[in-house]
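Same order as they appear, the protein sequences are chains A and U.
Here the first sequence stands for residues 1 to 409, numbered as in the numbering used here.
Here the second sequence stands for residues 1 to 236, numbered as in the numbering used here.
Everything labelled a hint here was simulated from the structure, so no lab data went into it.
Where hints are given, some of them may not hold.
[As the list claims (entries may be wrong)] If you want the ones that stay clear, here's a sample from chain A, every Cβ over 10 angstroms from chain U, calculated: (1) 165; (2) 316; (3) 334.
[To be verified] Straight-line Cα separation of at most 27 angstroms, BS3-like style, residue types lysine-lysine; simulated pairs: (4) 211/A / 154/A; (5) 158/A / 344/A; (6) 2/A / 231/U; (7) 241/A / 81/A; (8) 81/A / 211/A; (9) 176/U / 9/A; (10) 2/A / 130/U; (11) 179/A / 211/A; (12) 142/U / 195/A; (13) 158/A / 143/A; (14) 162/A / 197/A; (15) 2/A / 176/U.
Just so you know, even glycine gets a beta-carbon here, dropped at the ideal spot from N, CA and C.
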Amino acid sequence: MKFLPFVVKHLRRNWIRTGSTVVAMAVCIFMFCTMRSVLAQIDSMLESGSASRLVSRHAVSLVFSLPLSYANRIQAVPGVKRVATTSWFGGTLPAKKEGKAEEGAEASTDWSNFFPNMAVDADPYFAMYPEFEIPPDQYQAFKDDMRGAVIGRKLATKFGWKIGDRFFLESFIPPYRKKDGPFEFVVRAIYDVDKGKHPGSDSGLMYFHFKYLYEATGRTVDAGSYTVEIDDPSQAGTVSKAIDAQFENTDAQTLTETEQAFAASFIAMAGNLAFLLNSIALAVSFTILLVTANTMSMAVRERRTEIAVLKTLGFSSGRVMGLIVAEAVFLGALGGALGIGGSKGIMWLLTTVPGIRDMLAGLGLSELNLQPAVAAVGFAVAIFLGLAAGFVPAYNAYRSRITDMLRTV
Amino acid sequence: MSAEPNPVAVPAAGAMVDVRNVRKVYRRDTQELTVLDGISLQVPEGEFVALMGPSGSGKTTLLNLIAGIDRPTSGEVVVAGTDVAKLSESELARWRSTNVGFIFQFYNLIPVLSARENVELPLLLTSLSKRERRERALTALKIVGLADRSDHYPRQLSGGQEQRVAIARAIVADPKVLVADEPTGDLDAKSAEEILDLVETLNRDFRKTIVMVTHDPRAAHRAHVQRHLEKGVLTT
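Next comes chain A alone, as it looks inside the complex:
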């Protein structure tokens, strides 16, 4: 500890260089922690998928729909227990801000309040999702009302909706739009989720009858996908293949996968998100490693005489090496702490600022936060980067002879 002030004083020698290196390191750790947190949140969402549930969707893309006739054919596949039509509606609340509605249709969507909403075959669908706890009387009321909606507790709290409240949604997907305006819904049931048992399940979703969508759009829409429950989770692969085999020679071939894989592919529609984020994190980390190594090399190079003096005074080569490594690690620790703080701050901001918070909620990232484990790994990465960056110049200082270094001007 008595050498710590010595290490700190050396870092203060060149404020700009030390500061820029710490900021570079902080940016690296900030990105690492933020990306890892997003991925952890996505993983948590994926984990909520049940192994006994499959999703059949169009083999080409989620954008294409499947014929409604597929439901019965999938139901006939051995091992299939239930099938439910499931269509991502993509509905948004029309803006209620004063004057907006009169200004034109384009301005009538309030994206800040976006939340996931789906049209489903209620009975088979909710039978597959026991984690959604719906009071029986409310569920019956939902079933009895074509415009009925089941909403999660989180949504109810957010919008202050209660049973019997009405609201409107308009889809951004053209086939799901009505000529006579937005879809009207009535809150008939509010579901809860036991977070203790099902930590990945979200109570920020809304469901309504597929039949409503079908009828309201003039019976022109097909199924976005099919959610399939199977008897034996261990047979998921076999059943998936059997379903896809049914439609092998049709115009609309299917791709059936587990719910987890489906969720992953849904999230990764714009590319392999996890791979992308990890690649960025890796590239940034490597770049920062080079930047810090360069900084440390410069710092050591310009202090060759001082290192020689330390050795002359009796500092062993190992101790000199330790001081240089400690300096690099200190840089790493400073950058790491700053990056972790920044990451924590940005996540707090994203989940607090009204418009952004709601957008994240729509993507299922409402609980985005910096997990202690991610912060710990981030800090460890910062320390490792400091160690790795400091090792080579420190080792060079370790090996250098006093007389050679004293000759350096």
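Take the given structure of chain A and dock chain U to it, following the hints.
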């Protein structure tokens, strides 16, 4: 039978520094450059010796060997009863910290440390408490007449003052031997005189054995003994 070399050596009677038939050869690729060629030198305890000679004669190399920051190619360098060539790197570092104080031509103070912190540096290697280290550093600064500048940084000091801080750093661990490599080489005449006065005081009042390399005849005259090197050989 142990083949471990025994670093404890018997110097010539009364000699604090005993250099025996030392050769120092530098190899660069296939070329060999003999810098010291069979040098022998005894410096009694409490002696003040000036090493003189033209550039490239091997003065600094000999000084480095005595200070234990370089090793001879052959021969023995016994300082304060220890054959420094037989010590391992870490043993040698420990030995330097307690037995030798080095005064450089260009002071070589650490610019980010205050005068007191610079002087305190060698004491970081001891088990002294922070308070004891501080007291000793201030005592050393008092000896060199800079107690009132203890919080000044090197850039706030004149060349002569910097060299005095460097001397305080050299004596703070109370070494037996002081080696000085042209300690007045970078100073004006007045500052040089002050530094030489100080070195003389350390020799006279504190009984430090001093080996000083210098080009300056005035500095050399302060020493009790002057030795001359020429092409790696002691001539007088």
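Holds or violated: are the alpha carbons of residue 2/A and residue 176/U at most 27 angstroms from each other?
26 angstroms, holds
Tell me if the straight-line CA distance from residue 162/A to residue 197/A falls inside 27 angstroms.
25 angstroms, holds
Need the status of pair residue 211/A, residue 154/A: alpha-carbon distance at most 27 angstroms?
25 angstroms, holds
Pair hint outcome, residue 158/A versus residue 344/A [Cα-Cα no greater than 27 angstroms]:
23 angstroms, holds
Mind checking the alpha carbons of residue 2/A and residue 231/U for me, to see if they're no more than 27 angstroms apart?
This hinted pair is violated, its Cα atoms lying about 45 angstroms apart.
Does the alpha-carbon distance linking residue 81/A and residue 211/A stay inside the 27 angstroms limit?
Given that 27 angstroms is the threshold and the Cα spacing comes to 21 angstroms, the pair holds.
Is the Cα-Cα distance between residue 176/U and residue 9/A 27 angstroms or less?
31 angstroms, violated
Restraint status (C-alpha distance of residue 2/A to residue 130/U at most 27 angstroms)
8 angstroms, holds
Holds or violated: is the Cβ of residue 334/A farther than 10 angstroms from all Cβ atoms of chain U?
The claim stands: residue 334/A keeps its Cβ more than 10 angstroms from every Cβ of chain U (closest is about 17 angstroms).
Checking one constraint from the list: CA of residue 241/A to CA of residue 81/A, max 27 angstroms. Satisfied?
Holds: residue 241/A and residue 81/A sit about 16 angstroms apart, inside 27 angstroms.
Between residue 142/U and residue 195/A, does the CA-CA distance stay at or below 27 angstroms?
Not OK: residue 142/U and residue 195/A at ~71 angstroms, beyond 27 angstroms, violated.
Would residue 165/A pass as off the interface with chain U, using Cβ distances and a cut of 10 angstroms?
68 angstroms, holds
Hint compliance for this structure: hints 2, 6, 9 and 12 are broken, all remaining hints hold.
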